[in-house]
Amino acid sequence: MLTCKQFLQELNDYLDPNVDPVTKVHLEAHVCECPNCFVIVDTTRKTLQVYRGIEPQEIPEDVKSRLWKALERKMAAES
Amino acid sequence: MTPSSNTAPVSAPAPAPSDEGNLVAQAQAGNAQAFAELVKRYERKIYRIAKNITQNDEDAEDVLQDAFLKAYEHLSGFQGHSRFYTWIVRIAVNEALMKLRKRKGDRFVSLDEPIDTGEEEVKREVAVWEGNPEEQYSKEELQRILNEAVETLKPDFRTVFTLRDIEELSTEETAEALGISIPAVKSRLLRARLALREKLTRQFKRKGEDVFAYL
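Chains as they are written, first to last, in my numbering: chain A, 1 to 79; chain B, 1 to 215.
One should not assume that every hint holds.
Claimed, not checked - Footprint (simulated), chain B over chain A, 3 or more residues, beta carbon under 8 Å:
hint : region
1    : 19 to 27
2    : 39 to 48
3    : 52 to 65
By construction, these hints were calculated from the structure, which means they are not laboratory data. In this text, a Cβ means the ideal position worked out from N, Cα and C, and glycines have one as well.
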């Protein structure tokens with residue numbers, strides 16, 4: 001069986017839904033036997049979920065206003 | 001042309017809702033409103049990338065502006081081999097990294113330099129989380145916690161993590177946007193994920209419980 005260190009080096013593959021089935025089974029064998037790595041997998045998944053669930057914040061109005069004014073100037077200069 | 005009015009400085013009719021490729025083609029043909037639509041589509045994401053990489057409001061604003069101005073200037077050179085979004089991300093990342101270099105001087109490590117990712121031990125906090133952070137914290141508070149965790153990563157790691165796991169570019173797109181190899185993306189992503197997991201676990205862990213709370 002893989003050591004924890006070896007498993008963690010392959011963690012990205014384990015979390016990749018498109019990983020090939022042979023690799024998945026190989027890695028799964030470690031997770032089933034190792035409670036620590038089970039927790040690490042679970043909390044890494046949750047880490048990714050929480051980041052992916054955050055919508056980009058609105059750009060502050062003054063920042064947005066300056067962006068569009070700069071774009072207007074650029075477009076006017078090149079038209 | 002203002003974001004509130006959603007109008008462009010041209011009299012041409014607004015393009016109908018269309019895919020990115022059509023908008024790019026129209027913009028390349030001189031339709032400023034089509035370019036404005038592309039800006040509106042991606043401005044928040046580009047601003048988030050800029051803030052995550054530079055960790056500085058002023059620099060992020062400069063990056064936002066410079067990225068879209070450069071994209072407009074060089075639009076005719078965009079060949080369509082990649083998504084427009086990947087292209088604008090690459091411009092924005094380059095601008096953001098230049099800002100970092102200026103601010104940090106010689107201490108900045110280039111993304112092109114190899115880094116050790118395989119041998120260094122990653123300290124592990126093994127604990128289950130107390131419920132669902134999205135339900136336990138306000139949106140603003142959660143945003144602050146997540147931002148602070150990303151901010152502690154080295155630029156190499158937070159840049160890869162931002163593109164791959166926040167903006168959800170593919171490994172290949174991330175490598176292309178950063179001009180680094182696919183193995184480099186993978187190794188930096190792994191380190192970034194483990195480091196963030198560690199930091200968030202310290203924040204969100206169930207107090208007084210251990211791993212066996214799962215079993």
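Verification of the supplied hints:
With 0 residues having a Cβ less than 8 Å from any Cβ of chain B, the region 19 to 27 of chain A misses the three-residue criterion, and the hint is violated. Closer than 8 Å: that is the beta-carbon criterion, and the region 39 to 48 of chain A has 8 residues meeting it against chain B, so the requirement of 3 holds. Taking a C-beta to C-beta cut-off of 8 Å, the region 52 to 65 of chain A contributes 10 residues in contact with chain B, enough for the three needed, and the coverage statement holds.
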